[in-house]
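Q: Sequence:
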Amino acid sequence: MSGTPRVDGRPKRGAGRRGAAPAAKSPGGPWTAVSPPEWREFVGSWLQASGCSVRAAARGDWEVELSDDLKRRWRRQRVRLVFDPLRPTLPRGAWFTAPGSGAGRKLLEAAVEVPQITRRTALAHVPGAPEEGLASVCKVRGLSWGHSRLGPVRYDRRVAFHGVVTGWGGLPWQERWVVLLGPDGEFVEWARAPELPDIRTREGLYQINQELMPEQCTRWLAEARRHLDRILDERQLEWERSVGALRDAELSRLGKFFSSRIEEEEERLRRRVTNGDESDFEQGDATSLKLEWERRAAEVRQRWAVRTEVRLWGLEEWSWPVADLEQELRAGAVRLRLTSRVDVARGRPALPACPSCETPAEMLVRSRGAVRCARCA
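Residue 128 in the UniProt record's numbering sits at position 128 of the sequence shown, with consecutive numbering throughout.
Be a bit skeptical, because a hint or two may be false.
What the hints assert, rightly or not - Simulated restraints, written as ranges between beta carbons of each label pair: (1) Gly347 <-> Gly369: 31 to 39 Å; (2) Leu351 <-> Ser101: 25 to 33 Å; (3) Leu251 <-> Gln207: 58 to 66 Å; (4) Pro99 <-> Ser288: 43 to 51 Å; (5) Asn209 <-> Ser101: 18 to 26 Å; (6) Pro355 <-> Arg192: 29 to 37 Å.
Source of the hints: derived by calculation from the structure; they are not laboratory data. Glycine included, C-beta positions come from ideal geometry on N, C-alpha and C.
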């Protein structure tokens, strides 16, 4: 939608006496709905992307001709969306549309069922690589770096998977994650954030015209889930430690309560035995308390058991600028040229590969007349 439609709605007579909050001022008109502009933009963009026809109506409402899928889903041909929270009455069949309303939940539930695909281009950072080249990411000992040379910039296709991770265990919590994969499904990076950080973007793909093949999409999805599960396994250890302390504290309080109750019942039973008035009812009270203790403890453990739920809500197809960086490594008569890939979108070179074991090296040293990483030296 191109902006928020103007709302011609003045407060009704007597509205101020009821304590209603005035509508927010906006450059688009004298009075507009209090609903956030981002919400209206999201609703309009999603309806248009779903094949619906949206037009502005009186008083800032929207008349929506639903798509075939939404007609079957909601069993109606069209709907009128009302965004103004000060409206005392609604037109017949209209939906009051706000982020927390019934219509808002319907829209969100329909929107998250099918992941939305966005195509973007990461803009190149200037300069494309730091002046010191590989020396900015790899330390050396007994060696020195020469001048670096940055090759031509090319664009790789990458895919970012956006998901919401919900942790269940005591009090639920949620985190938004994004995982970025390379052209062959290799893991590139991840972030615990709604978007990839430190990137300037523009809409559309640049220098990539080939369409994605279904088998490639399936492979990417499987790889993304595998990498996300691996990252979540490490994160879940932190969750279990924090949740375990709260669970143990609740079990301790529960144990103290039932221990004191059982001691009271046993003491009462001893007094009755001493007085010659023993019965099976009191013995049953102590036994039932122990069974109740076990049942309540099992409920506590089950309630605090950590389990995670991952929901994919968005996909981003990227045209990503990369380049090769060459730099010479010197040590006396030794001359060795190393090559590494540079993330031109951030101006950040990757770690160079060790000449001996070919693993990414954070430090290179001279050992027995050769250049090795600190691990294999």
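Q: Now, for every hint given, state plainly whether the structure supports it.
A: Okay, the hints, checked on the actual structure:
Restraint check, Gly347 to Gly369: a C-beta distance of roughly 35 Å satisfies the suggested window 31 to 39 Å. Our hint of 25 to 33 Å for Leu351 and Ser101 is violated, since their Cβ atoms are close to 50 Å apart. Distance hint for Leu251 and Gln207: a CB-CB separation of about 60 Å, consistent with the stated range 58 to 66 Å. A hinted range of 43 to 51 Å for the beta carbons of Pro99 and Ser288 is consistent with their spacing of about 49 Å.
Hint check: Asn209 to Ser101, Cβ distance near 43 Å, so the stated range 18 to 26 Å is violated. Range check, Pro355 to Arg192: about 35 Å between beta-carbon atoms, so the 29 to 37 Å window is met.
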